[in-house]
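J.: So you can see what is in the structure, the chains are spelled out below.
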Amino acid sequence: MWHSYEAGKKKGWFKPKEECPDDSYCVTDLNIKWENGSANALLGPSGCGKTTLLNVISGLLKPTRGKVLFDGKDVTALSPEERHIAQVFQFPVTYESMDVFQNLSFPLKNDGWAAAKIDARVKEIIALLDMGEIAHRSMAKLTPADKQKVSLGRGLVRPNTAAVLLDEPLTVIDPKQQWDLRRRLRQVQRQLKLTMIYVTHDQHEALTFADNITVMSLGQISQTGTPEELHSNPANPFIGFFIGSPGMNLLDCALRGDELDFGGFTIPAAQNIKVKVAGCGGSCKLGIRPESVEVAFTPKKDWPEFTLLTVENMGAYKVLTLESGSRRIKSRIPENAAVTEGAKLWVRFPEEQVKIFKDDVRIDG
Amino acid sequence: MGIELEHVSMLWNGVPYLKDVSLKIEDGDFVTLLGQTGAGKTTLLRILAGIEFPDKGRILVDGKDVTGIPVQQRSIAMVYQQFINYPSFTIYENIASPLRVGKRKLTEKEIDEKVRSTAALLGLTSVLDHLPEEVSGGQKQRTAIARALVKDANLIILDEPLANLDYKLREELRGELKRLFSKRHGAIVYATPEPIDALAMATKVGFLHQGELLQYGQTEDVYSNPSCVEVGEYFSYPTMNMFPCRLEKTGKKCFLTATEEFRVDVSQLADKLDKQEYLLGIHAYALSTVPEADRLLEIRATLDLAEVVGSDTEIHLTHKGLRFIALMQKIVSYEIGTEVTVYLEPDRFFIFDKETRRLVAKTSDTVSS
Numbered sequence: 001m002w003h004s005y006e007a008g009k010k011k012g013w014f015k016p017k018e019e020c021p022d023d024s025y026c027v028t029d030l031n032i033k034w035e036n037g038s039a040n041a042l043l044g045p046s047g048c049g050k051t052t053l054l055n056v057i058s059g060l061l062k063p064t065r066g067k068v069l070f071d072g073k074d075v076t077a078l079s080p081e082e083r084h085i086a087q088v089f090q091f092p093v094t095y096e097s098m099d100v101f102q103n104l105s106f107p108l109k110n111d112g113w114a115a116a117k118i119d120a121r122v123k124e125i126i127a128l129l130d131m132g133e134i135a136h137r138s139m140a141k142l143t144p145a146d147k148q149k150v151s152l153g154r155g156l157v158r159p160n161t162a163a164v165l166l167d168e169p170l171t172v173i174d175p176k177q178q179w180d181l182r183r184r185l186r187q188v189q190r191q192l193k194l195t196m197i198y199v200t201h202d203q204h205e206a207l208t209f210a211d212n213i214t215v216m217s218l219g220q221i222s223q224t225g226t227p228e229e230l231h232s233n234p235a236n237p238f239i240g241f242f243i244g245s246p247g248m249n250l251l252d253c254a255l256r257g258d259e260l261d262f263g264g265f266t267i268p269a270a271q272n273i274k275v276k277v278a279g280c281g282g283s284c285k286l287g288i289r290p291e292s293v294e295v296a297f298t299p300k301k302d303w304p305e306f307t308l309l310t311v312e313n314m315g316a317y318k319v320l321t322l323e324s325g326s327r328r329i330k331s332r333i334p335e336n337a338a339v340t341e342g343a344k345l346w347v348r349f350p351e352e353q354v355k356i357f358k359d360d361v362r363i364d365g
Numbered sequence: 001m002g003i004e005l006e007h008v009s010m011l012w013n014g015v016p017y018l019k020d021v022s023l024k025i026e027d028g029d030f031v032t033l034l035g036q037t038g039a040g041k042t043t044l045l046r047i048l049a050g051i052e053f054p055d056k057g058r059i060l061v062d063g064k065d066v067t068g069i070p071v072q073q074r075s076i077a078m079v080y081q082q083f084i085n086y087p088s089f090t091i092y093e094n095i096a097s098p099l100r101v102g103k104r105k106l107t108e109k110e111i112d113e114k115v116r117s118t119a120a121l122l123g124l125t126s127v128l129d130h131l132p133e134e135v136s137g138g139q140k141q142r143t144a145i146a147r148a149l150v151k152d153a154n155l156i157i158l159d160e161p162l163a164n165l166d167y168k169l170r171e172e173l174r175g176e177l178k179r180l181f182s183k184r185h186g187a188i189v190y191a192t193p194e195p196i197d198a199l200a201m202a203t204k205v206g207f208l209h210q211g212e213l214l215q216y217g218q219t220e221d222v223y224s225n226p227s228c229v230e231v232g233e234y235f236s237y238p239t240m241n242m243f244p245c246r247l248e249k250t251g252k253k254c255f256l257t258a259t260e261e262f263r264v265d266v267s268q269l270a271d272k273l274d275k276q277e278y279l280l281g282i283h284a285y286a287l288s289t290v291p292e293a294d295r296l297l298e299i300r301a302t303l304d305l306a307e308v309v310g311s312d313t314e315i316h317l318t319h320k321g322l323r324f325i326a327l328m329q330k331i332v333s334y335e336i337g338t339e340v341t342v343y344l345e346p347d348r349f350f351i352f353d354k355e356t357r358r359l360v361a362k363t364s365d366t367v368s369s
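Here the protein sequences come in this chain order: A and B.
Numbering (the working numbering) for the first sequence: 1 to 365.
Numbering (the working numbering) for the second sequence: 1 to 369.
None of these hints come from the bench; they were simulated from the model.
For every residue, glycine included, the Cβ atom is placed at its ideal position computed from N, Cα and C.
Okay, the calculated beta carbon distance ranges per label pair:
#1 130(A) x 356(B): 28 to 34 Å
#2 334(B) x 336(A): 24 to 30 Å
#3 353(A) x 105(B): 52 to 58 Å
#4 350(A) x 117(B): 35 to 41 Å
#5 330(B) x 76(A): 39 to 45 Å
#6 179(B) x 336(A): 20 to 26 Å
#7 134(B) x 141(A): 38 to 44 Å
#8 276(B) x 160(A): 52 to 58 Å
#9 79(A) x 318(B): 39 to 45 Å
#10 365(B) x 360(A): 52 to 58 Å
#11 52(B) x 302(A): 56 to 62 Å
Partial chain A-side listing against chain B, Cβ under 8 Å, derived:
#12 186
#13 204
#14 226
#15 242
#16 244
#17 291
#18 314
#19 315
#20 316
#21 317
#22 321
#23 335
Just so you have them, the derived chain B footprint on chain A, three or more residues with Cβ under 8 Å:
#24 245-258
#25 302-313
Chain B on its own, in the form it takes in the complex (with noise of 0.2 Å):
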């Protein structure tokens, strides 16, 4: 099964909401639909669904038109943020509804394996004959997510099931989704803003921003290649630093300074750098305040405040008015204001064009290749 979106633009009261995307879904993909709040990720999934029609473009399925075809006649199964299951059902009766009004008329022999089994996935044996008010929140989504799933549909379309789920849920179920979904057949199309959804469970993603689809592809190529500044801020946690730099060529020499300190040789890329200014765009994992062989780059920065997340303290910098964040990967405590040395790997850098915002060279690039 494959899904294709050409050309498709969506207005709302003349604003535009999606402005000309294009992608494909194949079998077997996981694809996550990243993006802020507002971004159009909705309005694309309820398109993809036949819940809503594009104003222009055409969606293909297996290479047929089904641009104008409703949901109720595709092969797809959806989960919402809320927890939509029959209050007056019990668990085993909520996942069961989708087998009892499907065309094929299943015998209670068979819904009764298909229900086990499913729940047997996402852990809901125990809960089989509780109602949903019995539940926890965390429940009562794996009883949405196993709806969705029995139903056995070409296309499984979530929008944000995590979003109402406490910090240690998420962490639980993003595993446990992964696994599921990488052993059935179909696509699978996620909506979320969180970057860690999208870079730990999808086999692609698509960054949404402002209604269009500013980059689409392989999870870890984008990852490592985002087109442009705003891949690269927003598909990163913590958020990419970004240091606004310009170029400085002494002699043979070629360099990217952001402050006298803060100088990163760039000879090897001289001939890929043809503007005065860029951005520098470095991952928060690749600074820290501890020395080491290949962090070879010094700068002196101010300590702003720190932060302790699930196991590692995120700290917040200035140097030189330059604010950035340093991910320390174990639970220091920091005074607060103090100065510190932080290191830097000088061949870990994204370096983009300030005035494109494009993605120019990485620092990691060799000059043989």
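Looking at chain A on its own, in the form it has when it is part of the complex (with noise of 0.2 Å):
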């Protein structure tokens, strides 16, 4: 068994010839560490370079530097099937002429299994992904949900898979169906403690599924954590917007005396937020999350005023839109609260909920 991957080790180490003719690379010096039965995923927009670093790991393609290692073991020249790994695509790949178990069957088939030892392995499978209704039916009547079920199922099949990657396994699936088999993933994850990546251009996708998240951007790796270390330390405002809901409010700023001035409104500067301005040439970019802006429906010392554009129900909690000349900001306030769009409100950013960041870099924590 494969207990542990790491991938990469020197600078830039996959460089497709043909994509890129201007000499660029797609991932560039990554170095990742996923752990053995430990659910991921690689969160990150189109174009970052998830899909191509998940082509490294399988081994469907070579890096142009660089190792892959599996339980410290060099695996960079070694096949997919060398590695054991097992991948499910955005579009289910099945034989279409031959029913459930006929596909499931088959790779332990081409591995010359005898035929009861099959048999009891793919009822396994089945039971697992609570497909006994449909073992018998062929591929053609199936839903696109089912028969990406029955790519997991003959990715699993194998007892030897040491890790399965996922590409937006759900792309095609219907959004009602969508959560149901997110849900069994997870399950099944947890079962079979199977070290699973799961790659997602949508945060909802990747947060619900993994306890490690990598969140990729540009070819780098713009950080790695659980999705609370992502939610409440982002390393830089894109993690801080992309993750939670709604994102973090991000607002330039600049030091004037004791003050942060907004251009619009301004807030008194807490003695170690401005130290940590002045360090950086007295402007910066303040993170604050929804949940964390204080509301007031009366005018409070020191607590700029603004007014209520939007109110969104969001049935557990309500998102405010407020405004002051140019600028919005987000607020999330108990469902129960009373609000009238138009209305005057007052806001306090809690000193100990700021984030600073400069030049896209945290600076502060």
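Work from the hints to combine the two standalone chains into their complex.
T.: This is the structure we're talking about:
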């Protein structure tokens, strides 16, 4: 059994010659480690290099530079089969002329298993994925969600599968069924203690699926951590906005005496914040989560005034969009709070909740 | 401008797609038609637009019967789920296109003003010279919305316009659409399977279920008084928890009992309850693993799954075979399989008749009312 993977050691480790004529690298200088039995996600916008990285891990692509290690052993030169990696793609890949049972048996037949052993193993997988009802249905009659389950089942059927890589596996699935399938994936991952790496551009999918998330941007790792770490300690403004709902408020400001000036409104600057902002040239980007923005319905000393533009009821809470001059911020308040669009509100950014960024890098904490 | 549907029915190969739908849309309304795929939302939109004609019933605009009048002769703009733009036109020309084919000839200056102000509203100013293929999915759909807005139609119809956008963009556009549409005259009808879209944006909501309009009214009112189990379950996020329970009377006291631990005192509502079996509905966010003053009801449950959703964590629980969800409004990690205590607020239950599935009462209803 493989136990952990490490990818990348040296600078600039993959370069597809045809796609990037200007000698640019699709992904550069990545060092990531995935632990055995963990649920991981690779999250990032289209074109950030996440599929490239996935294909490097599986062995479908060879890196220009650097190494892929499984349990410390260099597997860079090995094929996907030799690495015992199963991959599930955006579109279900199955044999249309066979039924579900035959599809799942196929890899084991190729490996020369005895019929009785195949039967037992396939039944296990069918039970695991709750496919008893469709076991003898032909692929042509299945929904996309069930077909994708079969693709996954075929990846799991070999008992020595070291890892399952999933590349946007829910793209073609009806939204209602996406939840079910994702939940099933998660349960299977827990039950079998499998290492899974799930690629997606959707933060929602990544956060619900994975314990460990690697956010990528422009071929580089933006941050790695648990959902909570990414949420409460974003390494840069991109993560702050991308993770969490609504995303973090990000506001440019400048230090003027004892105040932070946001061009339209000011707030008093606490001593530690003052020092940090002064230390980076007197201007910064301030980040604060909507749930951390305090709101008052009557004027308070040093709380700047805002106009309530929009109230969005989200069921469990309300999202307020507040405006001062050309500056807009969001605040998240309890669902039972009574608010009226157009009203005046006063806000405070609690000092301990404020994050400070300079040139896209966190400079506090 | 007002639109009225009167007893509209629609058949498809003998199968009813819409069953006796009646509703009234007034000037300034932002109506969402909420329902699953196949509930009849698109059919209803097409009838409203005049693309499809009903088998029974009438459509009145300002009291005038327009049932047989096709879409071209009505003042309507449509936005679809797919981003439909002219691929060889710039974003500017795409937005200008409805103005160039209208009955009233506008001068280039008038067109330019309208295009630029609409583009500014939708944050498209910087991409006006680009072709649709050069802009993002969100900008493509904004262009389609700008085209609908610039036409200045009495009715704008949107069929799942945010469906093909990712979560972050949907979040952003919801707020923008609400602001945009609240400023204009006429009416908006917006079909969506997402309960949050309806709750966050709309002034009115209509819930369609298997071709029937089960409930129609002011958004807040439908949300806080779902007429039946189907509305309660669908028009909530996460899905409203439903607990089967029995009515038990002991002396002057009256309880709805789901399990030994799970008993809700409904003595004040006794005169409304004359059946044996009910369903207790409660929103996932009225449940918590953290005790607080008003969370008086305690039950023990096993944690099956915890999922981070946005800035919240949904936990899936089982209590004596009853499965339910609690929404924690922060990101927390839980160990799967552990026993937890769940705290509920007794005055936040909806009581549905198990047989008729109708809402009977709410535990927040006080005896004095």
